[in-house]
Amino acid sequence: MPANGAPTKITQGSQTRGGIGESTLRPDGTLKVTGEFAYSSDMWHEDMLWGQILRSTVAHAEIVSIDTSEALALPGVYAVMTYDDLPTEVKNYGLEIQDTPVLAHGKVRHHGEPVAIVAADHPETARRAAAKIKVDYRELPVVTDEASATAPDAILVHEHRDDHHAGHVPHPNIVHRQPIIRGDVAEARRRADVIVEGEYTFGMQDQAFLGPESGLAVPEEDGGVHLYIATQWLHSDLRQMAPVLGLPEDKVRMTLAGVGGAFGGREDLSMQIHACLLALRTGKPVKIVYNRFESFFGHVHRHPAKLRYEHGATRDGKLTHMKCRIVLDGGAYASASPAVVGNAASLSAGPYVIDDVDIEAVALYTNNPPCGAMRGFGAVQACFAYEAQMDRLAKELGMDPVEFRQLNAMEQGTVMPTGQPVDSPAPVAELLRRVKAMPMPPERQWESSEGADVRQLPGGLSNTTHGEGVVRGVGYAVGIKNVGFSEGFDDYSTAKVRMEVVGGEPVATVHTAMAEVGQGGVTVHAQIARTELGVAQVTIHPADTQVGSAGSTSASRQTYVTGGAVRYACELVRERVLEIGRRRFGSYHPAWATAELLLEGGKVVTDGGEVLADLADVLEDRVVEVEEEWRHRPTEPFDLRTGQGNGHVQYSFAAHRAVVEVDTELGLVKVVELACAQDVGKALNPLSVIGQIQGGTTQGLGVAVMEEIVVDPKTAKVRNPSFTDYLIPTILDTPTIPVDVLELADEHAPYGLRGIGEAPTLSSTPAVLAAIRNATGLELNRTPVRPEHLTGT
Amino acid sequence: MRVNFTVNGRPQEADDVWEGESLLYVLRERLGLPGSKNACEQGECGSCTVRLDGVPVCSCLVAAGQAEGRDVVTVEGLADYARQRSCGTGARGGTSLDEARGWQAGRADSQTGEGTGLSPVQQAFIDAGAVQCGFCTPGLLVAADEMLERNPNPSDADIREALSGNLCRCTGYEKIMDAVRLAAARQSEGV
Amino acid sequence: MDFLRPASWEEALAAKAEHPTAVPIAGGTDVMVEINFDHRRPEYLLDLGRVGDLYEWEVGEDTVRLGASVPYTAIMENLRAELPGLALASHTVASPQIRNRGGVGGNLGTASPAGDAHPALLAAGAEVEVESAARGTRRIPVDAFYTGVKRNALQSDELIRAVHIDKADGPQQYSKVGTRNAMVIAVCAFGLALHPRTRTVRTGIGSAAPTPVRATAAEEFLNAALEEGGFWDNGKIITPSAAKRFADLCSAACNPIDDVRGTASYRRHAVGVMARRTLTWTWESYRGARRATEGAA
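Chains as they are written, first to last, in the working numbering: chain P, 1 to 793; chain V, 1 to 191; chain W, 1 to 297.
For the record, the hints were derived by calculation from the structure and aren't laboratory data.
It cannot be assumed that every hint is accurate.
As the list claims (entries may be wrong) - Examples of chain P residues toward chain W, derived with CB under 10 angstroms:
hint : residue
1    : 466
2    : 722
3    : 727
Glycine included, each C-beta is placed from N, C-alpha and C at the ideal position.
Using the sequences and the hints, build the whole thing.
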């Protein structure tokens, strides 16, 4: 506390320890390091059964018959269910388009589609039972790419579309199409001194969260069900589940269990409905845990994409125009495809000033695995392509690639291709300057007195080089991502905040339905409550559906939107507490009426620091509780013909510099350093911010050099559904990741913060690719880059 | 079949074990020790790492019957193990729903680990921000603790090699490196 | 499924004789993956974990008798001097946790072309000691052990007891290509051993043919070239053209497939690069050792 009567003006929370801006530690940290934190796969209930899903072994087929009799006859089996056993007329679900069958009916549309479900007393019994279900498939031709999907005689993945995109798409196998037309490309093209065209391919990436899809459904006495589940959005799950289960939403109770990572892969339903169906059918608790093989079929992936770009520039390095066409493969069901299309189209120009654009993005229906949300969706694929284009333009013009980007970098006030002005800081040139200014990692770090340390060389422990063929390369990239749900979506969150005195101490409780998936939202909520309410003790209530929706833990939105809701609810609680104080003590001190009052250190103080009362005395046994919704500024849909509209609420920017060493003979890559500079608006928890940036950067590295779900183009079957053959970076693949955090406040956002989770995943990939191109001189138009591509074999 | 072995210093018995069950399954589903994690069940992620007779192994690839008569240390016993004490964890099934609830934000305020009952490497993971979703954490802790036992002053390359069997999808490993360096430093200072 | 727990080698052989379909399990790093993912439901699991002498090794005059279950970690830590190629190969196996459990017996039993130990065994020269209760012990040269994709020369009543590997009499090297810097299955692998005593070079190739193979034509070429030029005595640098020819012949010894881990043509190419590099490393080491000996003399 300041000295008595000190005139220093203080602001709310500035005197309270553990508030925003500090690197406070995770409230769940101790539980997580002792093994006590209960993830969804750790749930256990006396007398529980194990659920198992039977999935299609082919990608596209009519189901001629299903015979479950042998499975049902197996001792220990309690239930076997197929489409015919679904309890209501609602048999499909989906995030935006309800096109996904809970269990296949008449037809399967992709490899691994759920066909039947089993509950038994042991997982092995359930597996044996599932294996005894006889499904007779009559295989159908598959569509697997744009050419086959949009051919005049193409077999339709969904024959009877009645969704809201069906009317405006050029072919029924196109989920959604978004053009963006701005300026006059033909005219601008004539001003171009150089024109660069390129075609790029982005492979199918998997979220590869470590905690497999899992949960426990417990039937309740009122005929309802309680699901303990790992998800990104409890209320979205609930909205999709209840109609299929034939229950009102208040009879489907949801509690968030521990979530072992998400990255978009838990935005769609996985085993939620299946577990509840089996629990309701058997009257027993049912646990389902996917294994890693099943996990690859149990969630959507990042859309693979083909991107065709044309950019023009004048001799002095100014971009004239851009034309692009982005084809995203959505697979068999829509999932988040429409939103991915919107992002890809609206962010396809990157963080650059380009007045004349002609853009088209589409998502296909095919018989490939369904694709949907993954960190940075739409923007990731585009960034890979436009950043390759920037390097090619710079090369064509004989300019430094960073200077060329800086010359064309957008800034606050720049108008996006959608016509929307960027109304908060957009320090694109500055971020590039910062990554470029970081010291370079020393050369030949593998050399030691005892010879080459293979751990620091391409190939690593496999001992493929002691320095032979190794060439260093450096590459840069920068990207732009929208924050929050866009295109007119009512993107809100709800927070319930309670203040009371426990054991003589004021305690705040924050209750939201936000899915803590590892990002540290719970840490930040406690910090916000401390700052806004001036208390030391904050309890974070488990997330469940007893409070209003928090929206999804995705789109870099939770700190912004649920953080905003917590702040708003805290402000209302503070006002109510001060009202109580004024009512009770106002007559004892004039400052109650005249000064600006704050809550600090468990006391009511004036902005000059004078203590008026202890919160414990103000509240006594009163409980102040507020539950309120909070929304960010509204957005608008993009026009379906021109793509114009204020579709996004905020943008997020990051830049990377990659330093790689490539064994040019074997085509193996060691990323030596991956430096990042990012504007975060305001770092509510700097330690967590850096952790997010480093984690996102590493996922971008993964898809640059190793990660890809390989789908056989002839059969549409997945060829590598395991951690043996779908590789994600180990600690030996991951370099040092120095991070330079810039904090330029966005005045429209709570505390000036900017959503941060996705931007680092965008520019990481193209920076690594640029560095590999720099080392090898190869064109490299696809990611991930494989040894074959680097060796021409 | 029946399997008897020692977990975190306490004798345990599991009955009616199916012969194809892994040690991981028995720990998680029969002995109430779900701290060892089930991320891949094919030896490709390290999240199920335990010490079997002192040696770090993937418990998903140890058949339950192979653990007969052996000594197992899991993340739940790591703090005790680090203190060379032996007081095990009670035998019961899984995590009850009540135990799955709630945490207090005030709990992790300790910057030093004093009085928290954690091992140095556990405390370092919290302090360095090495925990996000936390699913890889138990396996990493067991592996890191064992490495620091063998090699108290590891180089960065040593740390990376020792932890190369433990995948993490959230952190990009930088904070994990920080945590292991921190634990090594605190250990050498006798903190 | 039954779980058999023999307490001794004799009991293990008896169990295998009684239940020829029994699947032996030691480190479990292959078998348990198949069980966890429902790829295999053996009638019997035969746990060899209690057979102590499978975990022991003896260093003899000319060979090392390596118990089938000696974990890779122990090979790396204890047999680097005697079995340098196998020690290097062991270091590339999966992860530390797997290296703590898995051993050469499992690699041989599974006989996957991608097994990391095979090229090192082929290059060093080794015999597999197998035994059955009915017919006793026999030794199978490792070259003859691999009979097809994931097939080997074992009879259904036999178990692998040990591998007798020639002690290194010269430098050995091992390289493996994977698309990750740790914990990766071989896209292809290459082992090379110089045998100054017999003035021969031996090779082993992994993951580039239906079975692990030696590049015999390459070996013959190099043996002749080294002999002809007096290289073993004069310690000259192997000419780039000879090294290239050796590498090309190693590539030609491959009979690879395209799969999700890599293309056939990449495998051929990479084996050639590894052949050239490992030859350079081992030959440089041989020359260095020679110079040191001469200097001392």
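Each hint, compared with the structure:
no.	hint	verdict
1	466	holds, 7 angstroms
2	722	holds, 8 angstroms
3	727	holds, 5 angstroms
Figure legend: structure checked against the earlier numbered hints; every hint is met.
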